[in-house]
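*Asks:* One-letter residues, chain by chain:
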Amino acid sequence: MMPTVTQTLSTMRLTLEQTVLPALPADGAFVQEQVGLMMATLDWLVDVHESEYRYELTENEEYRAFFAAVGRETDAAPPAGDLAALRDQTRALKRAAADLVGDDEPARELLLGLAERQGRREQAWFRMTGFPEDVPGDIATVLAGAR
Amino acid sequence: MPATQSRQVERTLGEELERKIRRRGDAIHQPADPGTTRERLQAFLSAELDEPFALGDVRRLTGGASAEQFTFELERGGVTEKLVLRMDPPAQLLPGNRLREFQVIRAVAGVLPVPRALWVADADSPFGTSALITSFDRGVAAPTGVVGKATGLSTAYGDHRAALAPQYVQHLANLHTLDWSGADLSALDVPAEGTTEAVDRRIALWDRIWAEDAYEAHPTVALASAWLWEHRPVVDHVSLIHGDYRNGNFLFDEATDEITAVLDWETAHLGDRHEDLAYMMLPGYGHRDDEGRYLCAGLETAETIIADYERLSGLTVDRERLRYYTVLNMYWAIIACIGTAPRLAGERMTHNGPMLNVVPGLAAFFIAELNTILREESSR
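Residue numbers (our numbering), protein chains in the order written: chain A, 1 to 147; chain B, 148 to 527.
Hints listed in this document are in silico derivations from the structure and should not be mistaken for laboratory results.
It is possible that some hints are incorrect.
If the Cβ cut is set under 8 Å, some of the chain A residues that face chain B in the computed set are [stated by the list, open to error]:
1. A29
2. L111
3. Q123
To be clear about the criterion: a stretch of chain B counts as covered by chain A if any three or more of its residues have a C-beta under 8 Å from a C-beta of chain A, and this derived list gives those stretches [as the list claims (entries may be wrong)]:
4. 358 to 365
5. 368 to 381
6. 416 to 427
7. 496 to 505
Keep in mind that this is a model prediction, so the values were computed, not measured.
Just so it is clear, CB atoms sit at the ideal spot from N, CA and C, and this is done for glycine as well.
Given the sequences, and given the hints that come with them, work out the whole structure.
*Replies:* In C-alpha cells:
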C-alpha cells in the first residue's frame with residue numbers, strides 16, 4: 001500500500017506547519033491554537049496508529065485472562081483480523097468486568113491488577129499528548145513486552 | 148461509613164444532563180463567527196438596555212473547553228468597555244450552566260477578585276444557547292513569553308510565583324469562609340451540614356455522567372466509584388466551592404503581581420473545602436522547583452498551602468479528607484477526559500474538538516496516579 005497511513009499523516013502535519021500556520025492571521029489566536037492542537041494530534045497518531053490492532057488484541061486477551069482467573073467463562077475466541085469486531089467484543093468484556101466490582105474481594109483485587117496493566121498501556125498510548133509522566137516507552141515496545 | 152446514600156444529582160445539573168442527552172444526534176455544533184455573534188449581541192442588548200449603545204471589535208478568545216468565548220466592546224453613555232461573552236456549546240465538558248456561574252460570581256464579588264457578572268441569557272435568547280456576559284479583566288493567565296498547554300494546565304509562574312502563591316491561598320480561604328446564606332444561589336442545591344449529602348451528589352453526578360457518556364467501561368473508574376461510596380466523609384462545614392481552582396484559571400498583573408480575577412466558575416457548588424484544596428494540590432498541575440520541591444498548581448508546596456490556609460481561614464485541614472477528595476477529583480477528571488470529551492467530539496457537540504481529542508492523555512496520567520492510591524488503600 002502506497003502511500004502508507006503514516007506517510008499521509010506526516011505529510012498533512014508538515015503542510016499545516018509550513019503552509020497553513022504561517023498564513024493564519026496574526027491576531028487569530030483561537031485558530032492558531034486549533035492548528036497547533038491538530039499538529040500535535042497528528043504527531044500522536046503517527047506514534048500509535050500502527051499499534052491499534054495489537055493494542056485491542058492485548059486488551060482482549062487480558063480481559064479473557066481476568067475472567068478465567070475469577071472462574072467465569074467468556075464467549076467465542078477474539079475475531080481475527082477485524083479491528084471493529086475485536087473492539088466490540090473487548091468492550092463487552094470490559095463492561096462485564098466492571099460489573100464485578102461489587103463482588104468479593106478477590107475479584108476486586110484481580111480487577112485492580114487489570115487496571116494497573118491497562119493504565120501502563122494507556123500511559124504509553126497517550127505519551128505524545130504531553131500529559132503522562134514516567135512513560136515506560138512507546139506503545140509498540142510496551143505491547144511487545146506484554147506478549 | 149455512612150449507612151445510607153442518595154444517588155440524587157443537583158436539580159439544575161440534572162436538567163443540563165437531560166438536555167445533553169436530548170441534543171445527542173440532533174445538535175451538531177456550528178462554530179460562531181464574530182459577525183453572527185455581533186448580530187446576536189445587538190439583539191440581546193437591545194432588549195436589555197434602555198439607552199443607545201454601539202458594539203465593536205468582536206473577537207474570539209482562545210482556550211475554553213466548556214464555553215465558546217468572545218471579547219467585544221460596548222459603548223454607551225460616552226464610555227467604552229471591553230466585555231467577555233461566554234456561550235454554551237450544545238453540551239459541555241464539565242457540568243454546569245451559565246445561571247449557576249452568574250449567581251456564584253455575584254455571590255463572591257467583593258470577597259475575592261472576580262469579573263463583574265453583567266447579564267445571563269438562557270437558550271431562548273438571541274444566542275440560541277445559555278450565555279454569560281462579564282467584564283474583561285486586566286491581567287494575564289501565564290507570564291508573557293511562556294508557552295503552556297492550551298488547557299492552561301501546568302502553568303508555571305517563574306519570578307511571579309512567590310507573590311502570587313499567598314494571594315491565591317488567601318482568596319481560597321476567603322471563599323470557603325464566606326457566609327453564602329444570604330446570596331441568591333437558587334440554581335444550586337444546598338446540602339445539609341453534618342451529613343454526606345454534598346459528597347453524595349458529587350459522586351452521583353459523575354457516576355451518571357460516566358454511565359451516559361463513556362463509550363466503554365474502565366476498571367479504574369469502577370474501582371474508584373466503589374471506593375468513594377464506601378468512604379464518604381461527613382461535611383462539617385458547607386462552603387462555596389470553586390470546583391476548578393488551579394493554575395491557569397486566574398489572571399494577574401505582571402507589573403504588580405496582583406491577582407486581578409479568579410475565573411471559570413461554571414462548576415462551582417456547595418460542599419467540602421477539602422475538595423478545592425485537594426484539587427489545587429493534584430499531581431500533574433504543578434512542577435518541581437530548583438530544589439526538587441513539588442509546587443502545587445505551580446505555586447507552593449502542599450505543607451505551606453495547608454499551614455497558610457488553616458491560619459487564614461480558621462478552618463482545619465484533615466489529611467484523610469484531603470486524600471478522599473484527591474480521589475474524587477481524579478475520578479471526575481478521568482470521567483470528563485475519557486468519558487465526556489470523546490463523546491462530545493464524536494457527536495460533534497463541541498467547539499473545541501482538537502482539544503477534546505487530546506485531553507484523554509490527562510486521564511491516562513490520573514489513572515496511573517489513582518491506581519497507585521487504590522493499591523495503597525487495598526493494602527490498608
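*Asks:* All hints are to be evaluated individually against the structure, with a verdict given for each.
*Replies:* Now the hints, each set against the structure:
1. A29: 5 Å, holds
2. L111: 5 Å, holds
3. Q123: 5 Å, holds
4. 358 to 365: holds (count 4)
5. 368 to 381: holds (count 5)
6. 416 to 427: Violated: only 0 residues of the segment 416 to 427 of chain B have a Cβ under 8 Å from chain A.
7. 496 to 505: Per the Cβ count (5), the hint holds.
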